[in-house]
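Chains as they are written, first to last, in this note's numbering: chain A, 1 to 449; chain B, 1 to 323.
Don't read these hints as lab results, they were simulated from the structure.
From the three backbone atoms N, C-alpha and C, an ideal C-beta is built for every residue, glycine too.
Be careful, since some hints might not be right.
Said to hold, decoys possible - Think about it this way: if two alpha-carbon atoms lie no more than 35 Å apart in a straight line, the pair counts; the simulated DSBU-like pairs of lysine-lysine are: (1) K405(A) to K153(B); (2) K164(B) to K124(A); (3) K263(B) to K117(A); (4) K102(B) to K164(B); (5) K405(A) to K164(B); (6) K405(A) to K89(B).
Claimed, not checked - Distance ranges between label pairs, derived from CB positions: (7) T260(B) to T177(A): 44 to 50 Å; (8) A156(A) to E266(B): 53 to 59 Å; (9) A228(B) to P323(A): 45 to 51 Å; (10) W225(B) to R328(A): 33 to 39 Å; (11) S91(B) to R442(A): 18 to 24 Å; (12) E176(A) to E299(B): 39 to 45 Å; (13) G363(A) to D93(B): 43 to 49 Å; (14) G430(A) to V160(B): 31 to 37 Å; (15) T260(B) to H432(A): 20 to 26 Å; (16) G99(A) to E303(B): 38 to 44 Å.
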Amino acid sequence: MITGKTLSRRTLLRGMGAAVALPVLDCMTPALHASTVSAPVRMAFVYVPNGIIMRDWNPSYEGALSTLPRILKPLEPMRDDILLLGNLTHNGGRALLDGAGDHGRCCGAYLTGVHPKKTTVDIKAGISCDQIVANQIGQQTKFPSLELGLEDARQAGDCDSGYSCAYTNNLAWKSETQPLPPVLDPRALFERLFGDGAELTPEARALQARNRRSILDFVSSDTKRLETGLGPSDRRKLDEYLTSIREVETRISRAEKDNAQIDPHMDKPYGVPADFAEHFAMMTDMMTIAFQADLTRVATFLVTHEGTSRSYRELEIPDGHHPLTHHRGQAELIEKVTKINAYHLQQFAAWIQKLKNTREGTGSLLDHSMIVYGAGLSDGNRHTHEDLPTLIAGRGDDGRGNSFKTGRRIVARKETPMCNMFLTMMDRMGVHAEEFGDSTGRLEGLDLG
Amino acid sequence: MQQGPQSPPPLGIAFDTGLAHAADVLALAMLYGLNGRNDARLLAVTVSGSNLQAAAFCEAVGRFYAGPVSGAFGGAARTLPVGLAIDGKLSSDLPLFTAPLKEHSYPHNIEKMNDTADPVAVIRNALTTQPDGNAVIVASGPMNTLAHLVALKASHETIVSKCKTLVLAIGDFAPDAEPELYARTDVAAARRVLADWPTPIVVCGAEVGRALPYPAASIAADFAWSTAHPVVDAWNAENSPNSPGTPLAAVIFAAKPAETYFKLSEPGRVDIAADGRTKFTPSPGGNHRHLILDPAQKERITEEYVKLASAKPVPPPIRRPRP
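Bound conformation, chain A alone (with noise of 0.2 Å):
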């Protein structure tokens, strides 16, 4: 409800079993305040499988970020804000005498920082450090946090070598037993973000979008008397933010007509689009429109999962991604998963330039976020688990004068914990733990001054 011409930053646009909240408007810090409103700070990890070619991830220097090795290209336009780690190491990913099965521990570490136990059944690995932080100030917006995902969610059977799918296919754990499955389905995500929160079958939701209204139509009541009150900078900022709602929607929308014109009896959830990159584009859109709103501050982005054979035909690779990354020193192998892993930051590229082109204060959306790209192997031939492909995009800005200082490439001493980093971005996030995982401190060297 609108109330008032001082808005409320949580005020919200309702409708008939819609509630859109809105991004930070001028209108909702006084002026004379402005310049001291602080900032919420997000976070976000993005997670790719089966390693990263790294002779093209790994720049041959240290310091300032000039030429990018040619898988993180795609970055190159904001690589001032960017800091690129080395050396970072998750010992819980390792064997520890627990034999073969890289992929299900690497994957179970990453986020938890435990050795996973080695179970098809009573599986256990730890809190993650997104849970950690969504329990402490996940009450304060409407999701403590959100989980995401392009690739099968399976939650049960044997995904590597006596490892549990709920190991490969979850990077949130919400407790050491209890693991966060990521929403695959953009329509799916959509009404939850959106919507009033009810479950519908593929079929309803079929017959619902032949009939369907855009979500905006059944808030345009309070939108028009909101836009009444605002100036001219606040109404630009709101149609912005509503037509990146309305885009996504329509692409959905769209999306659901394809498929069903495709094959009604498709393995996949009904709103997902048959194009990877389309389907990484709408999840990270409406990650973008869920920070820009506060609907949440924390969130997991499952790209594809461990040992996945998914295959990239639009990159004319028809061999699936797993295998592939196995090559043996074959350099027409080598070729294709390094296509596939410059496919994947390329994706994130445009994601990241999207949160740099959203303004949000005197800054930058981006500015105010700390988006994670990683995996939880290093050399997926090898399966190694240290220097672990690992950046950082954003500074993390809370607006108290702490920040990030990116644009650099810095690397960590051999066998640092990756969990060092994540009690840094706990810090910036204000949850403050003494340790975490396999943590020995803190990942120094990351602020200004």
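Starting from the structure of chain A, add chain B where the hints point.
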């Protein structure tokens, strides 16, 4: 066909050294000797002083013993990452590790701090690779790294389950002994480790080391199989042929406790005074013991020193890629 029970893996040993004495280098050589004979597995090497050259020297020794390796995975043999403390109080360049690097250019990959490893993580991670009760930590140096490790709550379970014993080559239990270097360098760290370490601790004092120096004649006679040897260079650079063999005794005890090379004191408690003097007080149920020299074993021990420290490198098995 039924298989018999698997033989237990060799004992894993993590070595934390101040590298202030050539005896520390000989102890490291002994550990590679034990590793080559499969009598023990060297799990980790960490330097508790904060000197990059010391870490570089340790890596050079590791490479020397790893030797060249070829094979499907190609390239150099995998050497252990060397952990280096950043808050160590022994930070001076010492000829024993600078001279060999300068004179013989032993290859190593440590040029800057981030070529070294976080020593706490190195030791803790090394322990996690071992079956329960199959690891020993030998520390011959200031205790700063172990003090950090024991302060990590999350590591407590790992230490308790994996580490059988902590063997410390510090202190001096002779009557009227002067404060020993490693004990007096970081008294607070040593006190913390002695107070909080959750497994049994055995301390090898300098009085044992003084009675068991490495035989100087062996340096010229038993290392001649290599035209250049980093251990020999370290020994010659230090030029202190009668220095105590405390870390060597500690390694022998750690690797072969069943061989009765030494007697053990009754249980009790080791205390360190503010000036670094060490004192042992017997007490039933105490978690500490110290080594007592058995003069009858001196010759055997010295032979073991020589056999292990002067052992030739054993090339690691060539790993073939999995099908």
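Outcome of the hint check:
1. K405(A) to K153(B): 31 Å, holds
2. K164(B) to K124(A): The hint holds at about 27 Å.
3. K263(B) to K117(A): Violated, because 42 Å separates the two Cα atoms, which is more than 35 Å.
4. K102(B) to K164(B): Given that 35 Å is the threshold and the Cα spacing comes to 39 Å, the pair is violated.
5. K405(A) to K164(B): Violated - the C-alpha atoms of K164(B) and K405(A) are around 44 Å apart, more than 35 Å.
6. K405(A) to K89(B): OK: K405(A) and K89(B) at ~31 Å, within 35 Å.
7. T260(B) to T177(A): 44 to 50 Å: 48 Å, holds
8. A156(A) to E266(B): 53 to 59 Å: Cβ of A156(A) to Cβ of E266(B): about 56 Å, so the range 53 to 59 Å holds.
9. A228(B) to P323(A): 45 to 51 Å: Cβ of A228(B) to Cβ of P323(A): about 46 Å, so the range 45 to 51 Å holds.
10. W225(B) to R328(A): 33 to 39 Å: 37 Å, holds
11. S91(B) to R442(A): 18 to 24 Å: 23 Å, holds
12. E176(A) to E299(B): 39 to 45 Å: Once the Cβ atoms are compared, 55 Å apart, the range 39 to 45 Å for E299(B) and E176(A) is violated.
13. G363(A) to D93(B): 43 to 49 Å: 47 Å, holds
14. G430(A) to V160(B): 31 to 37 Å: Hint holds: Cβ distance 34 Å, inside 31 to 37 Å.
15. T260(B) to H432(A): 20 to 26 Å: 52 Å, violated
16. G99(A) to E303(B): 38 to 44 Å: Roughly 40 Å apart at Cβ, these two residues keep to the hinted range, so it holds.
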